[in-house]
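One letter stands for each residue in the lines below.
2 protein chains.
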Amino acid sequence: MNLMQPFKSELGLTTGIITPVSHVIRRSLSDMRGMYADDAATERILAQEGDRLIYEVYPVDLPEEEGHILHSTTIIYPGRVSDEYHMTKGHFHVKRDRAEIYLGLAGHGYLLLQTDAGEVSSVPMQPGTIAYVPPYWAHRTVNTGSEPFIFFAAWPGDSGHDYGTIEKIGFAKIMVERDGQVALVANPKYI
Amino acid sequence: MNLMQPFKSELGLTTGIITPVSHVIRRSLSDMRGMYADDAATERILAQEGDRLIYEVYPVDLPEEEGHILHSTTIIYPGRVSDEYHMTKGHFHVKRDRAEIYLGLAGHGYLLLQTDAGEVSSVPMQPGTIAYVPPYWAHRTVNTGSEPFIFFAAWPGDSGHDYGTIEKIGFAKIMVERDGQVALVANPKYI
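These protein sequence lines are chains Z and D, in that order.
The numbering of the first sequence is the numbering used here, which starts it at 381 and goes up by one.
The numbering of the second sequence is the numbering used here, which starts it at 381 and goes up by one.
It is possible that part of the hints are untrue.
Note that identical chains are pooled: a pair holds if it fits in a single copy or bridges any two copies.
[As the list claims (entries may be wrong)] No more than 30 Å apart at the CA atoms, straight line, and that leaves these computed lysine-lysine pairs for DSS-like: (1) Lys388 with Lys569; (2) Lys553 with Lys388; (3) Lys388 with Lys469; (4) Lys388 with Lys548; (5) Lys388 with Lys475.
In case anyone wonders, no lab produced these hints; they're calculated from the structure.
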């Protein structure tokens with residue numbers, strides 16, 4: 381049998397960058413048109429300040445197969461679109477019963493989760509927080525702080541990513557700043 | 381469907397302790413009789429200084445089932461038995477094709493790996509190192525430094541632990557101090 385050889389990567393615990401860099405996934409505001417509640421604010425930002433980098437993902441290259449543990453870091457830059465904090469697109473796993481773990485490394489934010497039935501849950505994250513995404517929960521992360529929110533994630537190799545469902549229906553709740561506080565409120569666009 | 385609810389734990393990034401503590405696995409020298417190459421040294425330590433704590437594991441309580449991501453931290457205390465560095469027992473996964481990842485948090489050490497065919501590999505680890513245990517490799521960790529070697533680990537929920545094979549046959553190579561340097565040498569007890 382031709383076995384995969386052991387190997388290592390180096391994670392900058394303060395920068396969130398994993399080296400060697402295989403590839404980087406960058407999501408700008410224009411990649412997320414329609415995902416923030418205030419579409420007019422999105423278009424205004426794009427017109428007035430140009431495109432804005434929302435987050436970056438540094439994955440380690442591995443086969444997307446049963447038995448492997450896929451892993452990456454994510455850096456969500458601080459900011460808001462109107463009153464809604466910068467966030468990732470969010471996704472279900474194609475195999476809905478595949479879990480995921482997040483380990484906070486820097487900054488502050490939330491893990492936001494939602495079931496197929498529309499139930500929402502949120503978990504606050506700071507450096508050292510291990511947040512658990514149980515089977516069957518869609519998951520998105522949100523930077524509610526003023527510094528980059530950086531975390532490490534690991535999930536089963538055969539999970540698969542279903543981004544389409546969340547792109548279509550969104551989350552039932554969104555994280556916004558209200559009177560200088562972080563608030564989880566109903567998403568006006570959610571049907 | 382009755383879904384598991386999301387939850388979080390807090391990992392002390394410098395202490396390695398995960399709270400809330402569900403249970404702690406402690407392995408002392410007496411638990412590892414016969415695993416170090418120099419059995420006479422093991423017995424001499426037990427007789428002269430009493431039992432010695434080698435390592436502790438802080439796991440997060442989760443079902444050991446397909447789809448989940450099990451995770452824990454390990455703290456290996458510095459020291460040697462004769463010239464052989466403190467290490468964990470090491471194991472294969474019962475499902476041999478289940479991988480594992482390690483993330484170094486504090487201290488210095490090595491991930492030591494071995495196939496069923498007896499091939500050995502080693503990966504140096506420092507804070508920030510992500511060491512990958514590919515499918516089919518038994519794995520053990522070794523503290524080659526003078527401080528506690530602390531790391532986070534994650535593996536598929538249905539991996540299972542086979543400690544028996546390594547307890548019986550050992551690793552073909554051991555990590556020892558030779559002339560003040562870390563050296564990977566043949567295990568005199570390995571058949």
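Here is what the structure says about each hint:
no., hint, result
1, Lys388 with Lys569, "between (43 Å within a copy, 29 Å between copies)"
2, Lys553 with Lys388, "between (38 Å within a copy, 20 Å between copies)"
3, Lys388 with Lys469, "both (28 Å within a copy, 21 Å between copies)"
4, Lys388 with Lys548, "between (38 Å within a copy, 28 Å between copies)"
5, Lys388 with Lys475, "both (28 Å within a copy, 22 Å between copies)"
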